[in-house]
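Asker: One-letter residues, chain by chain:
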Amino acid sequence: MLRFIVRRLLQLIPTLGGLSILLFVWLQRLPGGPEYALLPDDATAEQRAALRRSLGLDEPLAVQYLTFLRNILQGDLGTSLQTSRPVLDEFFLRFPATFELAVTAMIFAVAVGLPLGYLAARKRGTVLDFAAVGGSLLGICTPVFFLAFILKVVFAENLGVLPSAFRLSPGLSRTDITGFVVLDGLMTREWDVVMDALAHLVLPGLALASIPLAVITRMTRASVLEVMGEDYVRTANAKGLHRTTVRTRHVLRNALLPVVTAVGLLAGSLFAGAVLTESVFAFPGIGSFVYGATQTRDYPVLTGFILLIATMYVFINLLVDISYSLLDPRVRAQ
Amino acid sequence: MSSSTPLLAVDELSVVFHRKGQNPTRAVDGVSFTLEEGKVTGLVGESGCGKSVTSLALMGLLPDRGVKVGGSAVMRLSDRGEQPQEADLLRISQRRMRDLRGSQLAMIFQDPLSSLNPVVPIGLQVTEILKRHRGMRGAAARAEAADLLYRVGIPDPTRRLNEYPHQLSGGMRQRALIAMAVACKPRLMIADEPTTALDVTIQAQILELLKDLVTEEGTGLLMITHDLGVVAGLCDDINVLYAGRAVETAERAPLFSDPTHPYTVGLLGSIPRLDAPRGEPLTPVRGSVNDNIAWTDGCAFAPRCDHYTMECLQGPPQLVEVGAGDPGHVHRCVNPISHADVVDRAVLESPAVVGDDEEERG
Amino acid sequence: MPTTPSPNPPEAPDTAGADEKVPFHKRKADKVDRLAELMGDREAGSHGAGVWREAFQRMRRSPMAITGAVIVAVFLVIALFSPLIATYSPTSQAWGGEVFPNRNEFVGPRAENWLGLDHLGRDMFSRMVIGARQTLLVGVVATLVGFLFGALLGGLAGACSVLGGRWGRQVDNVVMRVIDMMLAMPTLLLAVTVAALVGPSLTTVMIAVGIAQVPIFARLLRGAMISQGNREYVLAAQALGVRKRRIAVTHILPNSMGPVIVQSTLTLATAIIDAAALSYLGLGNPDASYPEWGTMLSEAQRFLSSAPSLAVYPALGIIITALGFTLLGEALREALDPKLRK
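So the protein sequences, as listed, match chains A, B and C.
Using the working numbering, the first residue of the first sequence is number 1, and each one after it goes up by one.
Using the working numbering, the first residue of the second sequence is number 1001, and each one after it goes up by one.
Using the working numbering, the first residue of the third sequence is number 2001, and each one after it goes up by one.
Since the hints were made in silico from the structure, they are not lab data.
Glycine residues also receive a C-beta, built at the ideal position from the N, C-alpha and C atoms.
The reader is advised that the hints may include incorrect statements.
Computed cross-link-like contacts, DMTMM-like style, restricted to lysine to aspartate or glutamate with a CA-CA straight-line distance of at most 25 angstroms [as the list claims (entries may be wrong)]:
1. Lys1020/B with Glu226/A
2. Lys1131/B with Asp231/A
3. Lys1068/B with Glu226/A
4. Lys1131/B with Glu1144/B
Quick look at which bits of chain C chain A covers, simulated, 3 or more residues with Cβ under 8 angstroms [unchecked claim]:
5. 2173 to 2186
6. 2277 to 2288
7. 2295 to 2307
8. 2322 to 2328
Construct the complete structure from the given sequences, taking the supplied hints into account.
Answerer: So this is what it looks like as structure tokens:
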């Protein structure tokens, strides 16, 4: 097991290294070079030359790349053009909000998608199955930002049952320990903060959950259907086992294997999906910051965040692979 | 063995599949046979003749929807020392069937790898049946499971309990499946092509194991196979199936010495023999099982038969006694190969004559 | 078996019974005719259909495929003939004087404007119809970009892995690392960055959405080619001395296209949705006057509470079209799936 993890970790090095090269080249390809992005349009030629020297842009490309890489490894991803603060700081400042949102969305998606997909498979061909399949296709085909707007208009503006923006109601005082609002609230027993934060998570969480929910429902359904036709399920039935034993130990245990992989990959994609949802709900996370960065062409933020999110994604993938190998003895053996 | 009623009496079993937008398919079309304790009954035929569907119907493992099962299959049950009672396997409730499966009747499947759950250790796959039907738990169940594996010839059974199916060899897997099938000493065991997926040397071992189980435990074994070698070595009574109906039923000796139905003759003729003269061609049954006609129109085998006449195509042939001196030997043929004709058969099937036949058709 | 030549002609078993008076050859012909007649009704054209033809047969019976095909067909007709269908110019603000967004005064459906007017007093129906064409263009070009580059990368990796021996597997390894890397980049962020880099335009959206699909196509084709490469017929071709390049191009590649074609259909749907998202993020066509459903939708968000129909029309357009392509793709996948074939 340990060897498996170490090997997978070593495999990450070329992936991440390649990613850094790609981003480096990307930065080089900025229109007119990075100094145009960093300086106002009316800067003089001397100012540009000075900036080029100070940024080390007159060095050979290889040297530049090594400097770039060294900076990354030291945690220096550059400075945001919007806020003039280090990109890494901006990321970690907003990470907890997006993390809470992603977890909420994933809980929605798994808690509804798994049972729904399983039931749809068991009741194949019924109205429930039809509704589950149709609903999930509709979920995949609806633009997330449109769904977010509909939720906002209906539940926040028309019905007024849920808040429509931000992480917390303005004026609510809270003790900040970790940056995770719900976690802090639980730790300090500020129940009003917890409830308020949860209420703020519902609508964006639902909007963000729409695609994972649809994917999980469909995957679970397809997987359960496939496993139900397997010979070993027939064997289990031939042994006269109770229906519940057959369904849990023999059907679900096998059917959930591919779903676990999907859940992992979807979790990784949520951080990117948050761009749309967060901007609709003015949720102060990574997503709305990236949205701001696209509007202002904040290149250091865009590239830095991509590198960080991709790194996270790669590590989530690793976790998925490890958990998969724990669940499936056939993979473990290899 | 002792009782007058057989262990299992299948009468006019029929299975019809109804698929959306298609004509119903009669997979099994009135099959009847009996099975005694300590005996082996064989169901023989090509794939698609309905033998596997028969076994699944008896086990109650056919899908719930789109299938209609008719006829009856009465099995004599032992209710743990009480009065023996009977149950029609095709009519009892699903709940009751679940109680019987694994304890009173068990099944061994064709492909041992796909028939074992890949993510559950062998041990648990054996103990779960002990827990279900014999109420055994924990260490006792594990000890019994190890003992079962040992009895079916798996070495080092205690270690095997923790292994997964992919870690066992093909023969081991089939042995493990047999261990599960015999775990509760069922009175009736159904083996559906248990050796098809195995190497020849392993096949012989598995057949030997099954034979021992039948003689030692007095289990009745329903053997489903296309392999006449298996039949010759194992079965007491044989039913040859074609397109969902029995075409010939006999005890082992008469079936192999005096086959009467052209299909049986064809099956036997397609086995290579060591004692045949060098250079003699094999005589396969031509065509495939898909080349048939509805039994209601005539003999389903007619399109592949070298002996069919106009009579064969006029209404369904009945199952009739072959003749005096051979009780229990029945066939479904209006134009059977009589003993005297066997000599002629060689002539009939000589290439020249077949070629002639073809010419006349064209 | 010892053979004794027999004087009996082959028809010997037939000679008994009522048939006696009929000449032999007549009887034989009769029984053959009768047999052919009985067998005739059982087989109606079930032989000789190729994989694709068989898939098509199955799709014709699937309600999912029919629904998808109808939606796609209607969409294609509207998109291709939009200038003929549109009743007015999509950019003409002819009714600008009747609409006052800041006073929440909008004009709904009426005889001359079937779907009402948008916030600048333009005819909604004409904008929807012309917008369909733009949407189709975005979807098709983005899918083509993803398909071409993805198939190139995946095909290279797959062919090298299957036929290139030791050296080929190295090439495959390198290509796969690149693909993994691209896969690690979140699709939408990747598109956003490309768009942010090149500047907002419809071309940007098409390229960005297409590039994001490259790794998916590449992985699919490579996977399919490797699984095909393990088949016996490839071994047979190699044993016959067919040149490797030829095996890859004429044997492996055509047999591996199934999943890729399915994915193309599905990608048309995702591309339309992703393009809408990029438009919403302000990376689409900066000239919003020329209609495209994604741009129309993001513009109309502002009036969602006062004039929901302005957003609902383009949203429905996107959803229904995407649904059509998805249904078609899924039905095609099911029809091609060997496991589901029966």
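Asker: Is the coverage entry for the region 2277 to 2288 of chain C by chain A consistent with the three-residue Cβ rule at 8 angstroms?
Answerer: holds (count 5)
Asker: So is the region 2295 to 2307 of chain C in contact with chain A by the C-beta rule, three or more residues under 8 angstroms, or is the coverage claim wrong?
Answerer: holds (count 5)
Asker: Does Lys1068/B pair with Glu226/A here, judged by a C-alpha cut-off of 25 angstroms?
Answerer: Roughly 24 angstroms separates the two Cα atoms, so the pair holds.
Asker: Against the 25 angstroms threshold, does the CA-CA distance of Lys1131/B and Asp231/A hold or violate the hint?
Answerer: Given pair Lys1131/B, Asp231/A holds - Cα atoms ~22 angstroms apart, limit 25 angstroms.
Asker: For the pair we were handed, Lys1020/B and Glu226/A, check the Cα-Cα distance against 25 angstroms.
Answerer: Status holds; Cα separation ~20 angstroms.
Asker: Under a C-beta cut-off of less than 8 angstroms, do 3 or more residues of the region 2173 to 2186 of chain C approach chain A closely enough to confirm the stated coverage?
Answerer: holds (count 7)
Asker: Please verify the coverage claim for the region 2322 to 2328 of chain C: does it have three or more residues whose C-beta sits within 8 angstroms of some C-beta in chain A?
Answerer: Since 4 is at least three, the answer is holds.
Asker: Decide if the proposed pair is consistent with the structure: Lys1131/B and Glu1144/B, CA atoms, cutoff 25 angstroms inclusive.
Answerer: With a Cα-Cα distance of about 11 angstroms, the restraint between Lys1131/B and Glu1144/B holds, given a limit of 25 angstroms.
Going through the hint list in order, the structure satisfies each hint without exception.
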